[in-house]
Amino acid sequence: MSHYQPLAERMRPQCLDEVLGQAHLLAQGAPLQVLLARGQCPSLVFWGSAGVGKTTLARLIAQYIDAHFVALSAVMAGVKELREVISQAQRQATGLLAKRTIVFIDEIHRFNKSQQDALLPYVEDGTITLIGATTENPSFELNSALLSRLRVMVLKPLTQEALLHVLQRALSDSQRGLAAAPDTLPEHWLLAIAQLADGDARKALVLLETVFELARAQGTSDDHVLTQFLGKGFRRFDKQGEQFYDQISALHKSVRGSNPDAALYWLTRMLDGGADGAYLGRRLLRMAVEDIGLADPRAQQIALEAWQTYERLGSPEGDLALANVAVYLACCSKSNAVYSAFKQVKQVIEQTGSLDVPLHLRNAPTKLMKELGYGTGYRYDHDEEGGH
24 MSHYQPLAER
34 MRPQCLDEVL
44 GQAHLLAQGA
54 PLQVLLARGQ
64 CPSLVFWGSA
74 GVGKTTLARL
84 IAQYIDAHFV
94 ALSAVMAGVK
104 ELREVISQAQ
114 RQATGLLAKR
124 TIVFIDEIHR
134 FNKSQQDALL
144 PYVEDGTITL
154 IGATTENPSF
164 ELNSALLSRL
174 RVMVLKPLTQ
184 EALLHVLQRA
194 LSDSQRGLAA
204 APDTLPEHWL
214 LAIAQLADGD
224 ARKALVLLET
234 VFELARAQGT
244 SDDHVLTQFL
254 GKGFRRFDKQ
264 GEQFYDQISA
274 LHKSVRGSNP
284 DAALYWLTRM
294 LDGGADGAYL
304 GRRLLRMAVE
314 DIGLADPRAQ
324 QIALEAWQTY
334 ERLGSPEGDL
344 ALANVAVYLA
354 CCSKSNAVYS
364 AFKQVKQVIE
374 QTGSLDVPLH
384 LRNAPTKLMK
394 ELGYGTGYRY
404 DHDEEGGH
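Each residue of the sequence shown is one higher than the one before, starting from 24 at the first, in this note's numbering.
A hint or two may mislead.
[To be verified] In silico lysine-lysine, BS3-like type, Cα no more than 27 Å apart, as pairs:
(1) K369 <-> K179
(2) K122 <-> K103
(3) K276 <-> K136
(4) K179 <-> K366
(5) K357 <-> K369
(6) K390 <-> K366
(7) K390 <-> K276
(8) K276 <-> K179
(9) K276 <-> K357
(10) K179 <-> K226
Hints were generated in silico from the structure; no laboratory data involved.
What you are looking at is a predicted structure, and each value in this text was computed from that prediction instead of being measured.
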């Protein structure tokens, strides 16, 4: 292993037992663990944010079931590269030492329709086992034909506890890590890094490597070294013992409770503490959708525009846009009627499955469909007396 490899690359898990934060998939009896224990791996799509281990997990699956592994990036690869991989997989399957082939496609949502369609026959006949990775909702970004042949598995952001474990392992590992004594960096430094990484193991390891080198170069692990690198975020979030998600909760509940002063306070606390303004913009938009809804339809647009304003201006100028919308949302009338109804409808759908569309509501563009009764009995509301 090259000494010049970044710490995040060196510390990639080497076996499934080292994978953290995905117990819902890999714990004893979990769906993926059961399949792998039987030597099976269907075609999958891993859906999750950056740094949760999508690429690593795909590699480890191939290693575990002794499959040939080919990695592609949807940004770089095209149909030509796919054909070459398919040919390679066909040779692998028929050689003396026949092996199945796992084709991993990172950012698979970037493939266009023709590129996705090119995969279909080979996924269907088992020439390849496809594992796609995406940060986007597969329901919107993948063709329905391809998606129907894949099992979607959601990878969760790592918890703070899991990130602390990752950091401690990287700090002490003498082969791949920093080979440091356990007390080289104070525990609250690791906590600060874990909080700022926000579920992203790669980001946590990048921060750790940089902070470690700074402390070693300056010959001290005094708090000013960390404050110098992380800014006020360290002081605000960690030295006073506050948890990032507690403050997010406080902001959300202040908006929901129509308390503009409290909403502005908690927003400013987080911005002053180094929180990502773009993340706060997304959370404010979520508040507009969930807690205000149709009570003030303008709220969603105003929240979205504030988020976009922040992304264009950056900090500190864009902070005021977030402050404006936090106060506006807190002062809005509130309604979670659609939010609650939507959850109830999803539960009904889970219980009733795919019910047929009633015949009178179906479209009938052809003679055959009309003969089958499509559209029969439908009454056009605009033609009804007193309608609309």
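Okay, which hints does this one fail, numbers in order?
-> Of the numbered hints, 3, 6 and 7 do not hold.
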